[in-house]
Amino acid sequence: MEDFAAAFRNAVKEVNKASSLTRNGTITDLVDEIGDLLVMLESLANKTLTNWAKDIDEETTTLYTGLEDLVKTVENVTIPQPMHEVEEYIEEQLLPNPKGPTVPMPPKVTLTTARPATSKPNSTQASNETKSSAGIGNQTNTHQDHIKIPFLPNDIFERPRVGGKGSPLFDDSRPRRTIQPLPIVELLILLSAFCLAMVGGHFCIKARATADRNVGYISRLPRSGGGTLECEANPTVDRFLAVFAYRRFVQYGQGAKLEIRRVGADGVPEVNRVFDIESLVKREGYVDQDDRAKLEDFLHTNNALEAMFITKEVNWPDFQKIKDKIVSKLRDAGVSGDIEVNIHDTPENLLVRQNSTWARFIRDRTTMALMALSLIGLVWYVPYTWVKSKRKSVVAKFRVKMSGDGYWRLIREKVNAMALQASSAPLRRAVEIAVPPKGPVRGALVHAMLTGLAHSLGPGSWTEDERFQSALKRAFVDNGGRGFSQLELSESKEALKQLGVGMAVPTTAVSWRRPSTPTRMAAHEITTLINRSGAEGFTVDRANLVRLVANALDGPKGSSRDVATLVWGCGKLGVDLREELTPLVGRMAQLSSKDAAMVLWGWAKMASSASTLQDTGEVDEPSSHDSGISRIIEQLPRIHRSFTGVELANVIWALARLRLFTPTFTALLVQAVEPPPSGDSTVAISPTGMSSIIWAAGLARVSTGGEAPPLEVTKGLYHMTISTLHSMDPPCVVSAIWGLGSLGMLHTSGALPYQVVMAIEDSATAFDMDNLKSVLQFTWMDPSVTACLGPEVVQRLTSRTPPTWTRSIPQVCLYLSRGALQSTLEVAQAMQSYLDRHLIGIAPSSVDAARLVAAFSNLSFLPAASTAMAKLRALALEGASSFYPNTYCMYAIALAQLNQAGDRLPACEEYLTIDQACSLVWAGVVVLIQGMEAIISRVVAATAEEEERPSLPFARQAIAGLWARGMADEARRLVSMYPAGTLSENRGSSSLHADISQTLRSVGYVSVRDEVEVCGVYRADVVIEDLSIVIECDGDVHYLHSAAAAAGNSHVLIGSSVIKDKALAQAGWKVLRVSVTEWKNCKDASAKQAMLRRLLDRSSSSRRWCN
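Read in order, the letters of the sequence shown are residues 1 to 1107 in the UniProt record's numbering.
Think of the hints as simulated: they come from the structure by calculation, not from any bench.
You may find that some hints are simply not true.
[Claimed, not checked] For each label pair, taking beta carbons as the anchor points, the in silico distance ranges come out as:
{"#": "1", "residue 1": "R807", "residue 2": "D903", "range": "20 to 30 Å"}
{"#": "2", "residue 1": "C1082", "residue 2": "Y286", "range": "57 to 67 Å"}
{"#": "3", "residue 1": "T801", "residue 2": "D276", "range": "22 to 32 Å"}
[Said to hold, decoys possible] With a cut-off of at most 27 Å between alpha-carbon atoms, the simulated DSSO-like pairs for lysine-lysine come out as follows:
{"#": "4", "residue 1": "K325", "residue 2": "K282"}
{"#": "5", "residue 1": "K414", "residue 2": "K497"}
{"#": "6", "residue 1": "K397", "residue 2": "K323"}
{"#": "7", "residue 1": "K414", "residue 2": "K323"}
{"#": "8", "residue 1": "K282", "residue 2": "K257"}
{"#": "9", "residue 1": "K329", "residue 2": "K401"}
{"#": "10", "residue 1": "K594", "residue 2": "K493"}
Note that the structure is a prediction, hence the values are computed from the model and not measured.
Backbone N, C-alpha and C define an ideal beta-carbon position, used for all residues, glycine too.
With the sequences and hints as input, model every part of the structure.
And the structure:
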C-alpha cells in the first residue's frame, strides 16, 4: 500500500501538470496525460501481481478492484471544472489516509465486470461530451471519437473478489487479518508432544543428577581452572574445614600483597609498590567459635538446597606496626602527599553445596529450562527454590607467620629505594647533566657521577631507574667508549660493579679526534663496534667492514698497529675478511711482537668462523688465504722471545688452529714450559693461556702432519695444566682436558688425576653438550666422571626445555653407555624420551643414528617399536655401506646385541682388518650381512697365516661365530693357534653355581660339574656331562631391558647369549636356562629340586632319575 500512496502522489503532480495544459493547451493533451497515469498504475499492478504470493490473493484482488474504481472515477470527472477541485478530490478521496494503513473508497462508485473500453459510446454520451467540450473557453474538441483509456486484463475481474466497500483492506473499522484457529487434532498432537518432552526430560535429568553417595559436599574453584573440591558424606566439622576452609587456592602471582601508594594532589597515585606476602601466610587457617556453630547446623540440616558460603581473609596482627614504619620512613625522606598502606588479598570465596540427588536435580540448568517452558512448573519452581535456597556464611582467617620487625628488615632497603625514587629529582638532574640526550658524551662527567654515586648511595634498587639505565646505555653501549680515557673506563667499570649494575663497559677507550688515515679510521670504527657487541640485538654489517678495508687499501699506508687492530677486530667479530685483508697484511712494516700476535690470533679466529672446528682433531685443511700471513710466520723466530705470556699463548693457539706445525711451533712450546725470569710478571702464562697451549699441543699430536711435542715438553705442559686447572673457567677446563687426553697424559697412573675429577664436578652444570662430548671422549672410563655427568645428561634430556640437537648428543650418549653407570636404565629411558619427542623435527646423519643405536646396545636396552627407533635404523641403513670400518663394525655388533634377527646390512665398502672381520663373523650369526662368505673365508684363511693372526678378543668372537655356524673344524683350528686356556672366559664360579650343582647331585645326578670350558671360548655354568646338558644361570645381564620386560610380558635374550646358545647347540650340548630371580624365590631345598625337575622334564634329552 505504501507503493500505491507514492503512485497517487505522482498522480497529483500529473493532474497539476494537466491543469497547466488546459490553460495553455488543448483537452487532448489533458486526456493523454490521464492515459499515461493509468498506464503507470497498470504497470504497477502487474508488478504487484507478479511479486505477491498466492496466500494474499484476496488482498491483491481488492487492490485491482480499487484500481478499477479509480478508472471509473476518472471517467466520470468533468474535465472543464477547475484543476484545483480535481486535485482536492484526488487527495481527499483517493489517496491513502496518512493516519492509517487503509484507503477509503468513494461512496458512490459502482463497479462493473464489463470492460468499458470495448463498448462504443452511445449518442447521448457523445452529445454530452461535445457539449462539455464546447463549454471550455473558445476551444473546440477536435477528437469526436471516444477516448480509449487502457484498462486492466479481463482475467483480473474474473477472480473471486474480496474487498470493495466494507473490505478489510479499505475499512479501518475491521482488522486487516484474522487468526484462524488450529484444528483440535493438531492441538492435541502438540500437547502430547510437549508432555512427552517434559516427562522424558525429567527422567534424563534425574538420571544425570544421581549423586555419588560417598561425596556429601562439593565446591568449584573457578580461578583454578574449574577444579572441584569434594568432601565425604557425614564429615566432622574439622574434616569439613580441612577440605574447604583451611587451605588457600591461589594461582601464581595472586594472593595476599602489601600495597604502598603515594597519592598526589590530583588524586593520582605517583608511587606504587607491591610486596608479595602470600609466601608468609600460614597454610592452615582457623575459624571462630560462632562460625563453627553455623557449620555444625549446616552439616546436620535436612534442607538439601541449603549452602555454605566460605570467605577467606588474611589477618596480620602486626600490620599496624609495619604501616607506621613505612609511613615514617617515607615522611623522613621528604615524601609528601597521602600515603596509603593496605593489604590487598585476591578474593577467594567458596560456595559449598550439598551433593544429594534432589539438590543436583533442582540446580540442573536443564531443569530450570524445562520449568520455564512449563508454566505450571515455573509457578511451583520459583517459590520453592526461593524458600529453600538458604545460605550461611563463615569466615576462614589465615595469619601471617612473620612478625612486623622481621618483615621490616626484609623490605627496609626496598622502602628506602621507593623513598629515593619518590624524591629522585636531583638524581635525575645529575644524570641529565652527565649524559645529555644529544651531543657528545664526556667521559669525565660520567666517571665523576658514577664514582660519586658509588661512594654516597651505594647499591640499591634506585639503580633500576629507567632514566639512569638509559643514560648508562648511551654512555657505554651506544657511544662505544668514545670520549673516555682508559683510566676513566676502568674506574667507571669498577664503580658500576660496586653499584651492582650489570652494564657492558668497553675495554678500549676511543678518542674523539678524527683519524689521520683510512686505516686508522677503519681500526677506530671496528674498535667501536667491538665495544658495542655486548648490546642486545647487535649485528655486524659485513658490507660496512668490506668498505672500511677497501678505503684503507685506497688511502695512504697506515701503521702496522692499525692493520693489526683491524685484523684482530675482524676476528673478534667473527667476520671472515682474510681475502680482503691479505694486501694490507702484506704491506705491514716494522712488525712488533704485539702486532704479530694480534694478526695471527685474528687470522685464526676468522678461519674458525668460516669452518666447523671440533676439539677432536677433525680440522679443515689449510686455506689458501693463509698464505697472506707467511711473512709474519717467517719473522716469528726473530721476535718470539719478545712475546708476553698472553701473546705467546695466542700465537701457539693460532698456529695450531691454522695447522702450521712448523719447527717454530715446537720452539714456542718449549718456550712456554721454561720458567719465567724472576720479577717479570708479563711473561707468566695465565690459566686461560695454559688451556689454549695444551689444546694446541694435543691437536698437534692427533692431526695429520703434526707430531707430539718432546716428552720433556709434554710433561712440563702436563704439570703446568694440572696446577692451574682449578682456576680455569668451564670452557678452558674442557680445552685443557681434551688436550691432556689427546697427549695421552690422563691415564698414566691408571686413574684420572683428582684435579681433573674435581674440575669436572665443579663445572658439570656449566658444560654444554659440545663440552660434555669433549670431556667424555677421554674420561668415560673413570666411574667418578660417569657418576657425575650421567645424572646431568639424564636431567637435560628429560627436562621441559631439552638441549637443541647437535652432533655431540649421540657421542655423549655413546661415551656414557660405555662407562660404568650407576643406573643404565635411567640413561636409556632418557635417551628414548628425548628421541620420541624431538626426532621428528631433526635430521641426524647416518653415523649419528648408528651411534645412538650402539648406545642403546651398550646399555642393554631395547627401545619400544616406536617411530623414533625405526627412523634411527632406517637412517643408519642408508649410509651403512660408506661407514668407516670401525663405525660399521660398531653398528653391526649393536644390532646383534639387540637381537635384531633378520636385519640386513649392505657390505662395507672400506677395507676391513682381520680383527674387524672377526667381529663381523660374530655379529653375522644374528644379522644378515652381505658378503659374509668372503669375510668368513678371509678369517679361515688367517688360520694358516701366522702374520695375520687376530688378537685375542676378536679371535674369541670369530671362534664363537664359526661354532654357531656349525664350522667345527675351522673353529678348532683357530683355537689351536693360541696357547691353551688363553681364549676361554675367566672363571666366575659363584655360590649360585655351587648351589645348583649340589641340588642336582641331591636328586641323583653324579656327573655334575660347574665352570666347564666348552667350545674353546666359553665356560658353561653347570654341566651334566653324561646327558650333554648345560645349565646357564641367567641374571639381569643376560636380558635386554624393555617396556615389555618391565611389564612382565616377555623377556628378550641379549645377542651374546643367543650366539652362545647356538654355538653350544652346534657342539652337541642341550642348553637350559635357570632364572636367578626364580631360583632365589625358592624357599627351601624341595622347591629348588622341584624347579630343576620341571626344567629337565621339558627337555627332550633322555632322563635318568635316581630315587
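Against the structure, the hints come out as follows:
no., hint, in the structure
1, R807 - D903: 20 to 30 Å, "holds (24 Å)"
2, C1082 - Y286: 57 to 67 Å, "holds (58 Å)"
3, T801 - D276: 22 to 32 Å, "holds (25 Å)"
4, K325 - K282, "holds (23 Å)"
5, K414 - K497, "holds (20 Å)"
6, K397 - K323, "holds (20 Å)"
7, K414 - K323, "holds (14 Å)"
8, K282 - K257, "holds (14 Å)"
9, K329 - K401, "holds (24 Å)"
10, K594 - K493, "holds (25 Å)"
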